[in-house]
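Chain residues, written in single-letter form:
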Amino acid sequence: MQARTLAAALATMLLAAGCTTTGAGSAPQEGADGPAELLFWNTGSDEQAAAMQAAADRYRELHPDVTIKVQAIAWDDGHAKVLTAATSRSGPDIISGGLSWGIEFGELGGMIDLNRYDVSQARQQTRPELWNSITSPGGAVYGIPMDMTLYVFYYRPDLLQKAGVSTPPATWAELFTAVDKLKASGVPTPLVEEWGTFEWLPWFNYLKQAGGSLYSDDCTQVTINSEQAVLATTTWADQYRRYGVPKATVDVGAGLAKGEYAMAIGASYLAGGFDSGQPALKGKWQTAPLPTGPAGAGSFVGGKIVGAMSYTKYPQAAADFVKWLYTDEAVEILQREVFTRGGELYISPRPELLAKANASDNLKQTLQTTLDSVTGPPNCKGWETSGAEVSKRLQAVVNDDADPRTVLAEAAAVMQGNLG
Amino acid sequence: MTRLRGELIRLPLYLAGLTMLVPFYWMASAAFKPVPELTRNPPSFVPGDPTLDAFYEPDWDPAVRADQVVAGLFQRYPDVPGGFLRFMGNSLFVAATITVLSLLIAALAAYALTKMDLPGRRVIFVVVVASMMIPWQVTLVPNYLIVRNLEWLNSYPGYIVPALAKAFVVFFLVQYMRSIPDDLVHAARVDGAGEFRIWWRVIMPLMRPALAAMAIFVVLAEWNNFLWPLIIVQDDTMANVPVALSRLNASNAFNPHNMAVIMAASLLTSLPTVIVFLAFQKHFTRGIALSGIKG
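Sequence order for the protein chains is A and B. Throughout the first sequence, residue numbering follows my numbering, covering 5 to 424 in sequence. Throughout the second sequence, residue numbering follows my numbering, covering 29 to 323 in sequence.
One chain only, chain A, in its complex shape (with noise of 0.2 Å):
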């Protein structure tokens, strides 16, 4: 971990260097008019590289001109090892990565603005508040959204049932009153939380179900500090402090199996490896929306984005294949070599072709509602640097005791510091 860590602060240090050297790999740019290879750095599992590289290889067919060898990059590495090559002009022709990746990239000048290659059709065809999180303050969409993650409620059933819960908790309210039902039945933690477990990103899901917001739309204030906020943090912390959600990452599946847990809050790729990863607990579990608070439904939206790199000799190719992906017959490849190859399930940023997905229909219904309350993550300045002092001063609150409206004063200086 630290050396990841130390890739993070080489990659960083880069950024100065590289700023005051001129990049070997800065060749003139290409049309895409002669034969282009291009490398596509895939973050993610080798089967999502795998499942990518099927899907180039139909573009090929399409595109007897275009060769794309999908390489795949863990996500621990991968913020690393894209941003030294952004930053040295020397790597991956196409990258995809976090939502936020493009943003950061692209400021840096390590990526190309989709917008001179018109992903118009792109943006009607995806969610708006996921187009927001990825299009810059200044208007740049240095890359499209590629998949998607979502929040889901998962739950057994027969343990709901055991404690006197008729249906899944679709308020606050009803999911503490299930966790107070739950333990007294015999459940040992009634309820856990995934995907950035005691970080910033649960919590804003809370957030937006009391009706806050980080900055407001146009990224000229913070707005961390409200009353929303407060009962949002309150709310969050409540769950650790009286109603026994683990502060570690769990083994969900593993949790549910067993009956140690009832009801988990995470990511939608869970659901893919439940069945076989645990055997015992095929059948026997659940989906559902997020509970609900007082502003209504409200849920963080994950994910990739895939944009071209600003080095790349083949700007127009890049482009044109980044585009394609948004076709239905790549979305298509895509689905059905996901599950293939790695048992998951792809959410492609088309929600129309949703209905498509290899999921139950259980799961693809609460994933059709989820996608009427999402936001993505922010796309205002300092953000990213700002995530990690923010939750740092939410967990106090958990862990110190602190007061909501202090710790989030604190968070608001720092990103307002961080905006500019």
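To be clear, the hints were calculated from the coordinates, so they are not data collected in a lab. Treat the numbers as computed from the prediction; the structure is a model and nothing was measured. Watch out, some of these pointers could steer you wrong.
Label pairs and their computed distance ranges (CB to CB) [what the hints assert, rightly or not]:
#	chain 1	residue 1	chain 2	residue 2	range
1	A	G424	B	D263	32 to 40 Å
2	B	T167	A	D405	42 to 50 Å
3	B	D263	A	Q125	26 to 34 Å
4	A	Q125	B	D107	30 to 38 Å
Here a beta-carbon is modelled for each residue, glycine too, at the ideal position from N, C-alpha and C.
Fit chain B to the given chain A structure using the hints.
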């Protein structure tokens, strides 16, 4: 009686030693467990039905998804000639080359600093020792930029050349070489031997224990090197084992059945280091004693 008492006093050490072996045992046994057994909770300590599926899964078909069937280690990386063995080969080649060349270079430097009438050799030695105080991460950026400008990214020279100068090895060999009498060198010079010949024929044979101790440290460090390869490798075929393991680990997040494959890869990865350690255990212990390096 005294011996028995001595053993009893050491008992906590034995227990602590066994405890430290548990993760290694877990890794080794998990590599041979069938998937249902691997995911069982509570886990089994000994594989009930050992299998080699994590290395090669005969039922795996890339076109058909079946629960609990994932590609074995040697069925992965179809685009990389040799698959996982290629990564091991890269690690082995790079670690061996760096070890041999860096020791030779360090031994030459140590000879020049101790046995030759080199002007300013004290200053040079102080500079070499002082350079050990600079965190090696600080040199990563200049190294990276140099390697990039030389167009050595994604190449063996990019792996090897920046790792050849090792101040600590020079320091260690200088200390050891000082214990070799200068009279031997003088005698060789009187006999008409040149400096290179003296270094190779007279000094190097006497340096064997020190070189062996350093070789173990260098080879282990290079075998486990993750950060530098992560940054300079841009093509799968050039990856080393730690980089490949990191990638493999990513697959597990989505399908826990890859855990057995990760354990198989970890087992293969750790075997060379275990073999090196067992084969050169005495030198390793001596190296720690001589250099004062601790855990």
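Going down the list of hints, with the structure as the test:
The supplied range of 32 to 40 Å is met by G424 of chain A and D263 of chain B, whose beta-carbon atoms lie about 39 Å from each other. The given range of 42 to 50 Å is respected by T167 of chain B and D405 of chain A, whose C-beta atoms sit roughly 45 Å from each other. Between D263 of chain B and Q125 of chain A the C-beta distance comes to about 33 Å, which sits within the given range of 26 to 34 Å. At about 32 Å, the CB distance of Q125 of chain A to D107 of chain B agrees with the hint of 30 to 38 Å.
Violated hints: none; the structure is consistent with every hint.
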